[in-house]
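Each chain, written out:
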Amino acid sequence: MSGHERRMSDVGKRALILKGGRVVDPSQNKDEVADVAIIDGKIDAIARGLAEGAAEYEVIDCGGLVVSPGFIDVHCHLREPGREEVETIATGAAAAAAGGFTAVCAMPNTDPVTDNQAAVGFVARQAQRAAMARVYPIGAISLGQNGVALAEFGEMVGAGAVAVSDDGKPVVSAQLMRTALEYARTFNIPVADHCEEPTLAFGGAMNEGIVSMRLGLKGIPAEAEEIMAIRDMLLARLTGGHIHLCHMSTKGSVALIRWGKEQGINVTSEVCPHHLSLTEDAVGDYDTHAKMNPPLRTAADVEALRGAVKDGTIDVIATDHAPHHYDEKEREFADAPNGIVGLETALAVNVTWLVKSRVITLPMLVERMSCTPARIFHLPGGTLKKGAPADVTVFDPAADWKVEASQFRTKGRNTPYQGMTLTGRTHVTVVDGRVVYRLAH
Amino acid sequence: MAPPPPPQSGTTPPASVVFDTRALNRTLRRMADEIVELNDGTDGLIIVGIQRRGVQLAQRIVSLIAEREKVTVPQGALDITLYRDDLQTVGPRPVVGPTIIPVDIDGQHVVIVDDVLYTGRTIRAALDELADFGRPRRIALAVVIDRGGRELPIAPDVVGKKMDVRPDQRVDVHVNELDGKDAVILAPRTPE
Amino acid sequence: MTAPLGKDLLGIEPLSPDQIQLILDTAEPFKEISERAIKKVPTLRGATIVNLFFEASTRTRVSFEFAEKRLSADTVNVAASGSSVSKGETLVDTARNLEAMRIDMVVIRHGASGAAHFLAHRIESNVINAGDGTHEHPTQGLLDLLTLRDHFKRLKGLKVCIVGDVLHSRVARSNIWGLQKMGAEVAVCGPRSLLPSSIKDFGVTVFDRVDEAIQWADALNVLRLQLERMQAGYIPSLREYNRVFGISRERLERARKDILVLHPGPMNRGVEIDSDVADGPFSVILDQVTNGVAIRMAVLYLLSGAKPELAEQAKGGQP
Numbered sequence: 001m002s003g004h005e006r007r008m009s010d011v012g013k014r015a016l017i018l019k020g021g022r023v024v025d026p027s028q029n030k031d032e033v034a035d036v037a038i039i040d041g042k043i044d045a046i047a048r049g050l051a052e053g054a055a056e057y058e059v060i061d062c063g064g065l066v067v068s069p070g071f072i073d074v075h076c077h078l079r080e081p082g083r084e085e086v087e088t089i090a091t092g093a094a095a096a097a098a099g100g101f102t103a104v105c106a107m108p109n110t111d112p113v114t115d116n117q118a119a120v121g122f123v124a125r126q127a128q129r130a131a132m133a134r135v136y137p138i139g140a141i142s143l144g145q146n147g148v149a150l151a152e153f154g155e156m157v158g159a160g161a162v163a164v165s166d167d168g169k170p171v172v173s174a175q176l177m178r179t180a181l182e183y184a185r186t187f188n189i190p191v192a193d194h195c196e197e198p199t200l201a202f203g204g205a206m207n208e209g210i211v212s213m214r215l216g217l218k219g220i221p222a223e224a225e226e227i228m229a230i231r232d233m234l235l236a237r238l239t240g241g242h243i244h245l246c247h248m249s250t251k252g253s254v255a256l257i258r259w260g261k262e263q264g265i266n267v268t269s270e271v272c273p274h275h276l277s278l279t280e281d282a283v284g285d286y287d288t289h290a291k292m293n294p295p296l297r298t299a300a301d302v303e304a305l306r307g308a309v310k311d312g313t314i315d316v317i318a319t320d321h322a323p324h325h326y327d328e329k330e331r332e333f334a335d336a337p338n339g340i341v342g343l344e345t346a347l348a349v350n351v352t353w354l355v356k357s358r359v360i361t362l363p364m365l366v367e368r369m370s371c372t373p374a375r376i377f378h379l380p381g382g383t384l385k386k387g388a389p390a391d392v393t394v395f396d397p398a399a400d401w402k403v404e405a406s407q408f409r410t411k412g413r414n415t416p417y418q419g420m421t422l423t424g425r426t427h428v429t430v431v432d433g434r435v436v437y438r439l440a441h
Numbered sequence: 001m002a003p004p005p006p007p008q009s010g011t012t013p014p015a016s017v018v019f020d021t022r023a024l025n026r027t028l029r030r031m032a033d034e035i036v037e038l039n040d041g042t043d044g045l046i047i048v049g050i051q052r053r054g055v056q057l058a059q060r061i062v063s064l065i066a067e068r069e070k071v072t073v074p075q076g077a078l079d080i081t082l083y084r085d086d087l088q089t090v091g092p093r094p095v096v097g098p099t100i101i102p103v104d105i106d107g108q109h110v111v112i113v114d115d116v117l118y119t120g121r122t123i124r125a126a127l128d129e130l131a132d133f134g135r136p137r138r139i140a141l142a143v144v145i146d147r148g149g150r151e152l153p154i155a156p157d158v159v160g161k162k163m164d165v166r167p168d169q170r171v172d173v174h175v176n177e178l179d180g181k182d183a184v185i186l187a188p189r190t191p192e
Numbered sequence: 001m002t003a004p005l006g007k008d009l010l011g012i013e014p015l016s017p018d019q020i021q022l023i024l025d026t027a028e029p030f031k032e033i034s035e036r037a038i039k040k041v042p043t044l045r046g047a048t049i050v051n052l053f054f055e056a057s058t059r060t061r062v063s064f065e066f067a068e069k070r071l072s073a074d075t076v077n078v079a080a081s082g083s084s085v086s087k088g089e090t091l092v093d094t095a096r097n098l099e100a101m102r103i104d105m106v107v108i109r110h111g112a113s114g115a116a117h118f119l120a121h122r123i124e125s126n127v128i129n130a131g132d133g134t135h136e137h138p139t140q141g142l143l144d145l146l147t148l149r150d151h152f153k154r155l156k157g158l159k160v161c162i163v164g165d166v167l168h169s170r171v172a173r174s175n176i177w178g179l180q181k182m183g184a185e186v187a188v189c190g191p192r193s194l195l196p197s198s199i200k201d202f203g204v205t206v207f208d209r210v211d212e213a214i215q216w217a218d219a220l221n222v223l224r225l226q227l228e229r230m231q232a233g234y235i236p237s238l239r240e241y242n243r244v245f246g247i248s249r250e251r252l253e254r255a256r257k258d259i260l261v262l263h264p265g266p267m268n269r270g271v272e273i274d275s276d277v278a279d280g281p282f283s284v285i286l287d288q289v290t291n292g293v294a295i296r297m298a299v300l301y302l303l304s305g306a307k308p309e310l311a312e313q314a315k316g317g318q319p
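As given, the protein sequences belong to chains A, B and C, one line each in that order. Quick note on my numbering: the first sequence kicks off at 1 and runs consecutively. Quick note on my numbering: the second sequence kicks off at 1 and runs consecutively. Quick note on my numbering: the third sequence kicks off at 1 and runs consecutively.
Wrong hints could be hidden among the right ones.
Simulated pairs of lysine-lysine, DSSO-like, Cα-Cα distance not exceeding 30 angstroms [to be verified]:
id: 1; chain 1: C; residue 1: K159; chain 2: A; residue 2: K218
id: 2; chain 1: C; residue 1: K156; chain 2: C; residue 2: K181
id: 3; chain 1: A; residue 1: K251; chain 2: C; residue 2: K200
No lab work stands behind these hints: they were computed from the structure.
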């Protein structure tokens, strides 16, 4: 307590103390039990005993819980505008908050595509109105995501876009990707690519391998991803641009990224929780809740991806949250759309399959889910340093809970984890000093 | 098989031999003679055994007739599984034996041979199946044991032995070809 | 044993060798029924069976129809079409509507792999897969096994090579599983662009040239080559396919005696198989058709479920 005084003028400003949690902030090499004081939407101090004599503060008891910089998801789909029956920015941001995310980046494959200043501004405003997790729009690379004409990166960034991507689709033309990487340098934003060679992958419904052969489904070979990953890295080397590889799923991709980093190429990449925990066997008897793109692959791929998360070859874990309507998923496997929701299960999946099994430590998980996403996408947050925005996640890394999709805040129910008991649960999510989510007891 | 009804009052008698080998063969010889007598000879006679043991018994009877009359009458086999009236309740029987009717039965005298006559439902099924093969001028029934307990109006024409068998007992005809011996045994019914 | 095959027949992969044996053995007496003057038994009298065919197929549908009618069941044919977008609703809604009319069994043929599973998990009626996409065609696999068994009197140790477009063939998959489970040795032969890349994981030998396959095999199962494969670029032309992989009389005569030729039909004469083979002494194609009805009768019979509530009423009914 010594050395720390509250000035009388502080009273009445928004003031919150997260008391007695294990504060894990890799950005400051911090891992200790302490209180975190938040004033006016900013981190004010981390020390023990802050809560004593602070009657005018709201105090949340975080004993037995972990207090970390808020999780940031650099890849999710919020469906608005165009498919509001499946998700809105408001429901998506609420789902994010329930999952412990203080910020998400929303991909532009909406209807219409978010490829201009007005559309980007719309997303930003909807997010502000929702007042849940922050939502940073990602603008399209090409108009309509048609892969032909460049969108106005500058205008979109001016309206709030933090990156550009044609995700949902790959950028097929190498020339267009080259131009995008060069042009994005002006605005210092990453170009995120969905790596999928379209002619190889065409018509594929799951990983090409022994399971697809047994089920009689056309498969997508690992090479469809790897061909584009290496292409993108070579173009990044040529242009000096920042390429961000979305949802990496294969062992081969990991090896290629390792090479790329050794070469000094400005490449970052993400992996999704489902690719760290499930294999193609999850398809079982044609379960469409195990259908997404890129598909679930083999155990060897899962193992390589986990190793890459551990050694930093893959920089961040992102959800690729992709809600779909029940009716859409309730059809023959080949016809069902790709995608699963993930905002509300990401923490638990990561804890269950990575931390509990000792692949990575808890501080490293926080790094992959918070510090590094902020850094590589140049976003505020990812740290609890003094003066940083008060985006904080409080979670219990040891709590077991049963996944029940009908209770999700997202409108989507398409999850392969339905009914499973996982470990790791968000208790409190704080955005800009406000509590936007609290676990009901 | 539907579970057996509860036993009647009194304890179930232990197993006993109804026919030993010689007795069974004597009975079969008499039955063969009666069949020929019923038909007034061997013309138009066809002996059809019901799977499974009826088939072996039919074979015996055909041999015995041949010994006496120097004529080998046609012999057939009938599997009535697909005609049972209780398929809906007990589901499919995995083992469906062969049905072989080697001659045209129209206008002929078919004698059905079976080991034990009880409720009569097997014979009912056999009659339905034979009707799908043609129209005999007469169908007769020969059984080694008539144990009573009829549930349908079916009556045998040639009987080896008529006996009263309690519902908690079973009577089995054993044939050498399948069971290693020729005998008829009366025994308590073991719960299935 | 009230449900020896369970509720549905969705494929051969889930069956045990005993179950396959059971189906083959049960088909024998059903063959005899098709030889009678009155080709009918009352076994499924009163049962309602719907043939739900989303893909046009005269031969399979007619074969099932004969099987159903010879068992005295009531048959309804529904020829549905589904656009690729609305197929999902069509399938579920059609099935639920039919179930509301109290049908006992559905025989389904559909263009999407997994369609039979999809249906079976959603309705209580028995579901029989008459071909789902490129996944399985179990009754075809079973009738092929029966045909081989009839001819060779065994399946164990038999060498069977499947020739053609294995990648897109549900008949191939069903055959591979059926043959392996019954102890036969299986090989495939075809252009590599028409074999799955993981084919080795299936435990089969791969021949690149059909002459080697013929040298090795006791029997060939020749698959139909579909025109679409050429149009989709998997092979350059039908003519080249016929030159390199076609089963011709000359090719067979260079082989051992008694090599059997099977074909699921319909045949592309002059493409994968020449007419003098199809109509020649090695061919058992017509036996396959005969066995098809018997196998389908056996399957329908074995799936027809017990109704336990009637068992109560039947107590005391002894044969």
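Hint-by-hint comparison with the structure:
1. C:K159 - A:K218: holds, 28 angstroms
2. C:K156 - C:K181: holds, 9 angstroms
3. A:K251 - C:K200: holds, 21 angstroms
Comparing the model with each earlier hint shows no violations; every hint is respected.
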